[in-house]
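Under numbering that gives the first Met the number 0, the first residue of the sequence shown carries the number 0, and numbering increases by one thereafter.
For the record, the hints were derived by calculation from the structure and aren't laboratory data. Treat the hints with care, as some may be off.
Unchecked claim - Below, simulated DSSO-like cross-link-like pairs (lysine-lysine); rule was C-alpha separation at most 30 angstroms, straight line:
(1) K183 - K140
(2) K190 - K146
(3) K183 - K146
(4) K140 - K190
In this text the structure is predicted, and so the values were computed from the model without any measurement.
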Amino acid sequence: MHSPANPDRPQAPAAAASPASPAATLVDFVQPLGWLTLLIVPLSVYYAVDWEALQVTKSVGYCILILLCAVIMWVFRLLPDFVPSVFLLVGLLSLGVAPPEAVFSGYSSQVFFLALSVLSLSSVIMSSGLSNRIMLFTMHKWRPKNKYLFSSIVFLFGLLATPFIPSTNGRAALIAPFLQDALKQIPPGSKEHQRLVVALLAGISLLSPVFLSAKSINLLLWGMLSSQDQYSFNYLFWMIAALLPGVILLVLFLIAQALLFFNREQITIDAEMIERQYRALPPVGRQEMVGCAALASFILLVTTYSYHHIEIHLVAFILFFALLFFNIINQKQISNSIDWGFLIFLGAMVGFTNVLQGLELNDLVVARFQWLMRYVDDNIHLFIFLLSALVFVIRLFITINATVILLAGALIPAVAVLGSYAWLVGFIILMMSESFIWPYQASYYMQCNAVLGKRHFQALHAPRVYAINALVFALKLAAIYLSLPYWRLLGVL
0 MHSPANPDRP QAPAAAASPA SPAATLVDFV QPLGWLTLLI VPLSVYYAVD
50 WEALQVTKSV GYCILILLCA VIMWVFRLLP DFVPSVFLLV GLLSLGVAPP
100 EAVFSGYSSQ VFFLALSVLS LSSVIMSSGL SNRIMLFTMH KWRPKNKYLF
150 SSIVFLFGLL ATPFIPSTNG RAALIAPFLQ DALKQIPPGS KEHQRLVVAL
200 LAGISLLSPV FLSAKSINLL LWGMLSSQDQ YSFNYLFWMI AALLPGVILL
250 VLFLIAQALL FFNREQITID AEMIERQYRA LPPVGRQEMV GCAALASFIL
300 LVTTYSYHHI EIHLVAFILF FALLFFNIIN QKQISNSIDW GFLIFLGAMV
350 GFTNVLQGLE LNDLVVARFQ WLMRYVDDNI HLFIFLLSAL VFVIRLFITI
400 NATVILLAGA LIPAVAVLGS YAWLVGFIIL MMSESFIWPY QASYYMQCNA
450 VLGKRHFQAL HAPRVYAINA LVFALKLAAI YLSLPYWRLL GVL
């Protein structure tokens, strides 16, 4: 049983596919097409569209074209996600669309400092070895003697790590190595092989929308809500509102997994190796103790918000300062363990959203989505289905982060005009966009393949794995529908 050598630095997902694989061949074709599209489409739109007929000002027109360029980069995956977001800022400034204080406002926002603080706390938990110690302690304590108990521990640990490690890739890099020895005993592509891999993927991803701190993109969406909604849907109430659909989804998923992957294959868990690795762990160090104390303090202060009324971003930032002050986070960790690419992306997109609001582009967006918004009050069931279908189609072409940015940025202002439903719309977008079918749709899917090795590539691309990936969309939709009475009881609807 191998322990992860460096869980806070996930291997590049690109390593998952060999040069001769279909994914690599597809990339070779798509990249040139993407650059050609980036050169032709924005220029064609600029000269072909009658901006005056649309009653669009020059600034708004420039803003739309800049966004179109960024979307094309995201769709064709020409560059890392944060690069198109920087392009947005450069375009806004160079074309004089908005003043610098508006363009860079995202880097002084509450959501930016909250994300920075949560990521720093996560880096302490992972780099200190605390998460690895907890995993080994669980394996040692429960001593899994059969495949079901072993896979249950892997699955549950993924679920338990979700609120505290705000990166699905990070959770994959932490937990996947514990599967390596068990998978070596099973023929690649067999039902049990697929079941274990699916348990890992589901454990690290199914509850991502339930906790505000589970993914950085959740924080970005929270930043898009109005001040009143941010106050209402703080960390604790977000979890309460999202908990029932999360539980329903887990139950439905476990039933589907049991039916699809039932088998009589056996694996042997090397209890002696687990014992040796557990005994070889060094004594609990200062960094682990402080990381555990910081985590406990964060949970305590967040859950007792109704008593002290300290905003969650201030709680997180105070803890971040304490970690810096006592040198728990050093310069190397700040440089290597914190996802600065996402933080750049986050600040840029919050700033861009503020610019759109300043240009009153929201009114134009609301007008374009009237066909969908009219169902919110008239037929909420049809609205949920149409929104989910829209997310499904867009996710076939665009990454998770870009999908959330585009749809939440367009629909949340449109829903805000109606005076409610903003959180629900955002939650549905988060929940449905986390799903995927093909490997290229989710970096953590390929991350697991990179960690587990080429021998397990067949399990990740088996028909039953594709089937349960597709089925998860339907299960999530069912969980949302079944949660409607609960949301009405909470006042969300």
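Quiz item: When the hints from earlier in the document are held up against this structure, which numbers fail?
Solution: none
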